[in-house]
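Listed below, chain by chain, are the residues.
There are 2 protein chains.
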Amino acid sequence: MRVVITGGGGFLGRKLAQRILRDGRLTGTGGKPETVSELVLFDVVAPPADETGDERVSVVTGDITDPDTVRDLIAPGTGSIFHLASVVSAGAEADFDLGYRVNLDGTRLVLEAARALGTCPRVVFASSIAAYGGDIPETVEDTTPVTPETSYGTQKVIGEYLISDYSRKGYLDGRAMRLPTIVVRPGKPNAAASGFASGIVREPLNGIDFVCPVTPESQMAIMSPRTVIDCFSHMHEIDGAALGASRALLLSGFSVSMGATAEALPKIAGNRRRGDITFDVDPAIQKIVDGWPKASQSARAERLGFPRDDSIEAVIQAYIDDELE
Amino acid sequence: MRVVITGGGGFLGRKLAQRILRDGRLTGTGGKPETVSELVLFDVVAPPADETGDERVSVVTGDITDPDTVRDLIAPGTGSIFHLASVVSAGAEADFDLGYRVNLDGTRLVLEAARALGTCPRVVFASSIAAYGGDIPETVEDTTPVTPETSYGTQKVIGEYLISDYSRKGYLDGRAMRLPTIVVRPGKPNAAASGFASGIVREPLNGIDFVCPVTPESQMAIMSPRTVIDCFSHMHEIDGAALGASRALLLSGFSVSMGATAEALPKIAGNRRRGDITFDVDPAIQKIVDGWPKASQSARAERLGFPRDDSIEAVIQAYIDDELE
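Residue numbers (the numbering used here), protein chains in the order written: chain A, 1 to 325; chain B, 1 to 325.
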């Protein structure tokens, strides 16, 4: 089967590609496991060449807001689509039009191309706990009303409703997951307002001093890269009907403060040379972060067998194991 | 001030126009009452000529999915927009592409044109309790999760989220209301799956036999035309900030069964010649209706001073007073 990952040049897209290549099989449109013969990584920029040496991988670069590009990408024979491409939170907030073009129009093009296949392909959509905002409980749960207070969150929520409606009509077999903040992201900082939650671990471990733009008391709902890739894989493989009519699922993220993260770091880092952490609040970022959930707890995700993390120490260790050694 | 009603040729649009013309004033973008100098009724077809004799009224016919049409419609000087135009529930279910074009793309064009004015105009959007579906309580409340199970409901919910996001950005001052089923609609039956709830009163009172396509036990959350027009007016006039970040408000609809409606009719109709009511279930319509709320109760709407109805007898009497006498 042919599998497409949009945002395949990004951090999560590349991790997901490695996982799919390692597993070698995914459930096909007939409901039976099939061999992955072609894995297409789509993004605005190509991933590093050393990650695409596998003969099953092809790379397509282009603009997800271009209808012809997306139709060509999701060509006949495509069995599954992982739709991860998006403008991140701070980017969609800074450029309203770009956010709607990529995160809403681009998503609609992906869904329309999937529908045009006529085979009801599985579509896994990366949503976000930015779906929640404003006057929300510290821990968001399955029944918490969805009240985004960013354009990014709004666009993700709209994508979820589209996924459910296209699935209800039988045009595709969609699944959307609300991801907590993913920590630790390797590589360079991106434009996400949540970037500091990775930076506070990554930069010091790479010997670079880090200025955290929110208070030590600031808490985030987080999930490790390992766990979120397990969730993507599990979400693709489960029977879509198990999700019910609403194809959007909250994932459980554990809660950690930036102060506790800073304290855990020396315990796990051992003898590595470390950069220093200082705190200097950026009011714009603090405001965005204060509007996000501090933890997420989904009984539905647990019933459906989705994994979760439970300590910042394990998350830091996983980053060291996966990215530094 | 210049006021635009999209869907201005429809039943609610025309009633709303009469109300605005009668009041003569609306709160303008400066927050102070202004005289309505021009009222533009926009629709795919023109309203009856006898309803547009007022010199303040102009009629524009056109396609709401055409960007130039919508930009020309919402011209500089437009102070307020009531966005009622949409493909109804059964129509959007029958023609998926048309529903998304009109109900999503059309709404986006209206919001973009309002944003382009640069004056933060008030925009009142007609949403629907079709926002709720599936496994919902008999009475939906402010905290009930929004889980549409029709394309129409999905499109209305997406419109609400857009209204909130555009309002948050300060591009417009939007307000969305989830309308219960409006009973009694005068005139010819339309393509709405809920049409029978009006037909069961209207047709017999016009001497025509009526076959109700759902069981006598089927309950609906309903609101009279008088009350919903009061709600539109009130929604326009209140301070948008009172709604909070989520600009979407559920309206309270009272619950009535089709059997109780049929029983109330002879008591109110007096000596009028009446058509007979029989029940013959259409499984497709019954299924749609069974997925809708049986009542809606919004403490938030009541706190904000929105009116509601409380008896089918009063609703039938209002139809006789307003439409037959």
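To be clear, the hints were calculated from the coordinates, so they are not data collected in a lab.
Incorrect hints may have been included.
[Unchecked claim] To give a feel for the contact side, a few chain B residues facing chain A, derived at Cβ under 10 Å:
1) 144
2) 157
3) 239
We put the beta carbon where it would ideally sit given N, CA and C, even for glycine.
Looking back at the hints listed earlier, which ones does the structure fail to meet? 3
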